[in-house]
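Engineer: From first to last, the protein sequence lines are chains A and B. One gets the numbering used here by counting positions in the first sequence from 1 and adding 586 to each. One gets the numbering used here by counting positions in the second sequence from 1 and adding 586 to each.
Some hints here could point you the wrong way.
[What the hints assert, rightly or not] Label pairs and their in silico Cβ distance ranges: (1) 931(B) - 910(A): 45 to 55 Å; (2) 995(A) - 841(B): 50 to 60 Å; (3) 995(A) - 862(B): 54 to 64 Å; (4) 862(B) - 1134(A): 44 to 54 Å; (5) 694(B) - 962(A): 47 to 57 Å; (6) 726(B) - 995(A): 28 to 38 Å; (7) 880(B) - 910(A): 34 to 44 Å.
[As the list claims (entries may be wrong)] For lysine-lysine, the following DSSO-like pairs were computed, each having C-alpha atoms within a straight-line distance of at most 30 Å: (8) 963(B) - 906(A); (9) 848(A) - 1136(B); (10) 848(A) - 901(B); (11) 840(B) - 848(A); (12) 1136(A) - 805(B); (13) 805(B) - 908(B); (14) 901(A) - 901(B).
[Said to hold, decoys possible] Listed next, the stretches of chain A that the computed footprint assigns to chain B, with coverage defined by at least 3 CB atoms under 8 Å from CB atoms of chain B: (15) 775-784; (16) 861-869; (17) 884-892; (18) 928-941; (19) 1056-1069; (20) 1153-1161.
Derived from the structure by calculation, the hints contain no laboratory data. Just so it is clear, the structure is predicted and the values come from calculations on it, not from any experiment. Each residue gets a CB set at the ideal place from its N, CA and C atoms; glycine is no exception.
There are 2 protein chains.
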Amino acid sequence: CGNGTAPPSTSSTSSSHSYPPTPPPPLNCYDAWCGVAHGCTRKLGMKICGFLQKNNSLEERSRIVSSFKERAAKNLLSCDNIGGDARFRRTETDFSNLFARDLLPAKNGEEQTIQFLLEVVEILTNYIRKTFDRSTKVLDFHHPHQLLEGMEGFNLELSDQDTLKYGVRTGHPRFFNQLSTGLDIVGLAGEWLTSTANTNMFTYEIAPVFVLMEQLTLKKMREIIGWPDGEGDGIFSPGGAISNMYSVMIARYKFFPEVKTKGMAAAPRLVLFTSEHSHYSIKKASAALGFGTENLILLNTDERGRVIPADLEAKVIEAKQKGYVPMFVNATAGTTVYGAFDPINEIADICEKYNIWLHVDGAWGGGLLMSRKHRHKLNGVERANSVTWNPHKMMGVPLQCSAILVRERGLLQGCNSMCAGYLFQPDKQYDVTYDTGDKAIQCGRHVDIFKFWLMWKAKGTIGFEQHIDKCLDLSAYLYNKIKNREGYEMVFNGEPQHTNVCFWYIPPSLRGLPDSEERWERLHKVAPKIKAMMMESGTTMVGYQPQGDKVNFFRMVISNPAATRSDIDFLTEEIERLGHDL
Amino acid sequence: CGNGTAPPSTSSTSSSHSYPPTPPPPLNCYDAWCGVAHGCTRKLGMKICGFLQKNNSLEERSRIVSSFKERAAKNLLSCDNIGGDARFRRTETDFSNLFARDLLPAKNGEEQTIQFLLEVVEILTNYIRKTFDRSTKVLDFHHPHQLLEGMEGFNLELSDQDTLKYGVRTGHPRFFNQLSTGLDIVGLAGEWLTSTANTNMFTYEIAPVFVLMEQLTLKKMREIIGWPDGEGDGIFSPGGAISNMYSVMIARYKFFPEVKTKGMAAAPRLVLFTSEHSHYSIKKASAALGFGTENLILLNTDERGRVIPADLEAKVIEAKQKGYVPMFVNATAGTTVYGAFDPINEIADICEKYNIWLHVDGAWGGGLLMSRKHRHKLNGVERANSVTWNPHKMMGVPLQCSAILVRERGLLQGCNSMCAGYLFQPDKQYDVTYDTGDKAIQCGRHVDIFKFWLMWKAKGTIGFEQHIDKCLDLSAYLYNKIKNREGYEMVFNGEPQHTNVCFWYIPPSLRGLPDSEERWERLHKVAPKIKAMMMESGTTMVGYQPQGDKVNFFRMVISNPAATRSDIDFLTEEIERLGHDL
């Protein structure tokens, strides 16, 4: 069934349903949609088909339903063999008469609601099985125009099966494309619970448990950073870019609180510093918050992508000489491409000397704090004024889960609070200091904490440590495998600091060429071509990009708990297979 | 079972398990936790208990497990009667030996994973049943210190059952506390699928279907706003506050694009306008983006909370006379407290006359665009330059789902793009104009579109219309019921524009008092007291707040599809019951 049976013809031979047999209707958008709602996914398909029909004529509806019933009947045997375990099998249910309006809160809607959700879960668990099955594709690639043909005019023809079918299995053991990969089952259970609770982090009143969990978890994270007694402040935000934006806002509030009321005109010309390898969110924050990207000064790095502290100090002095005020330094713990860790202690020395806010962007590398073996790469992080740390990256928590942690308590509140009396009432019957809404730049805030909390509870700190150590071992394995292998060239020398392994694959046709511009121009096109072929064949996914004056190279990253050495081997074999004749 | 059987004593009388019977151990944190993991939720409880033990000694672990097995055995009958339908019943599974590390991607982890998820779903479906059951409490209130006692020291004792137990049933027919209420089952299924797909909206490459769905849905929303052919731009953001922040950023970029590179110093003194009744996110944006809250000018409103256009024009002229540049006007379509709709057409006339960006904050009221009966309240919205519209409020989409829509294409990209070559590769094999990452202030972005898309597909536009019309009918019912009823006083006269009904309840002891300061002072304390008693008894929840010079009053809002007239009647009865003797 996983292989997908071709949908049977719609012409009926014998009919077991209550509608009279009709001649095969002309193909239309519903048929196109029905064509993909086959096989194991037919049940939700029928349901949604039912929903779809409620604005259509009865004739049209019965046609669709009968067509589906036939398909269902034909696919019955092949699909029911899949489940395997009789305990998971449920009675076949006819959803052809079920409408969205029949679900709860509809009267007597309970049974249909539960049955509907169980069917959804069956589809999802089938998807999960396939995600972890190496014999399935990572993706079933289609160009935008191809998918759009099925969706044009908002005709709603694309089914939720398609959503999974044409989507990318980010949890697949061979998906290496992003910093966030993997599908943690405990985290997933946490997300399902969160969405069922459907509340937000606005006040203790409406999210008492989540608000407290957030508070406890942030404290634990601050302890791990090394701030005394875990003191300080923090909040979960919708991603690392927003967390980094918070850090700039808070730093500005610390040094120039009057900007909150009077605007940037009340401050001198402020400058910010970050590495040329840092994440672009620092630049986005400079633009958004009114500093201007020209006042973000890029720092030079060594060949491994780490900030050169002397360059920072020189640029601070230069800015001061021009009359500008150096306000904020971002040190990256785990850069996006090279996985480099800036030397935090040396940067902290300079920040202390010149009274500059030190932020550590550990969106990608913060997870290494959980590993006794690797946390030394963030030495000095306890000297930072603020830290971004995304559990949804290296720690495998489902998206989104990002924290901004602040050493000094009160700044977050001071910076963002507007004391809207109609939103936060001081005369509530409980201790309103637990209401977090006024700390945030958001109002309502999605509950990102529970899945993380549940995972931490289930795995323990040691579970995260094992995961991280394993991923770093795998990247060392890849590095050691290819560093001297024919056809590979490393982008920088030495074992990677994080799981990022950056390399060029040199096809045989380029191996003899001298180190000329022509060679680099041709090499620049190799990674995109291999990636395109990978996506077409759907076997694996890995990212590529240029960086500075370096032409396109592959950036392998490993954060997927499902990945093993065999998957690493598969990746290099696949690159060699696809790239051999370029 | 819903009533909760008291957990049986841990002392064993007869033992059916393989561990030797032991004397009852002293109560510790595990017991405290176990005490609440009883009844129908015992299965996930056992599982999590198993997870919890993996770092503990074998002795400790077997003690817990055996204790659980006993409890499970004792509760077996009472719980298995609940499901009712045999189709939903699954074989009892012993999770006492299951660890998080046994789940996928563990070898042979498939069966345990599926079983685990099915158990989670059983807990969630039980929760859903109770949510729609009026005989259950809306919440089981505990003070922060009480819940914290169970969580202190991050000992992880609080179970996921507690999370639901002590949480607030925002989908309960009698939960009226927030603008976002209700639990839409189709939307919930969409959220479960989204979290299983676990990808983000960064690029077409990793979220092809979601990226296209977002594009089509935004276009449909723009068509409904009335922009020709649905042209324009937009993006889903993490809530209305961020959507409003986008609007201010885009307006600034339109008039002063050089601020992006040079900062606010490159612009003259810019001023923004919004109603004194508007949402505080406009003020937060003024602070964050470097305008300063003093440069946000508050507009006077009529007694219904609607902006007085003449006041806007006078203040624009005054600002210009001072040499400031009026740049941005926010018109609210559905204010937070009164539910007021600012007169958009008259405001648009002024904005056109003085070349000012017009934003419509329809976070709360935007949903009314789906109703032929009520959309006239937003007449003129098609003249706005940008619109915030939160399907997660009036349209019942699960949190978070908020859109910022922009009439002019290109501004969003121009304002936010940083063209990070290492993140967005123009040499990909597909049409990269579908990559949305560089339009956003975020980098990774949660998939908020699918649940909305699925609901739209299932209900149709007409389904949303019916929901909205019904909620407005219910609020009219409440208004007509209490406007002349003894013991009630309306905060403003006339039928509400949105579902907001604002009123004071006057306890008998205050009814005879003259209109004095003392009366208002005493009245100010009534709503908080009633609310506190409501929360303690857990029967219903409704918000209160002061506004301007008005003392605390109740703000009833209805967006919950489960609410009926009987729930409205219940609310007033409950207010009268609790407030009678104050």
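Engineer: So which of those numbered hints doesn't the model satisfy?
Structural biologist: Violated: hints 2, 3, 5, 7, 8, 12, 13, 14, 17, 18, 19, 20.
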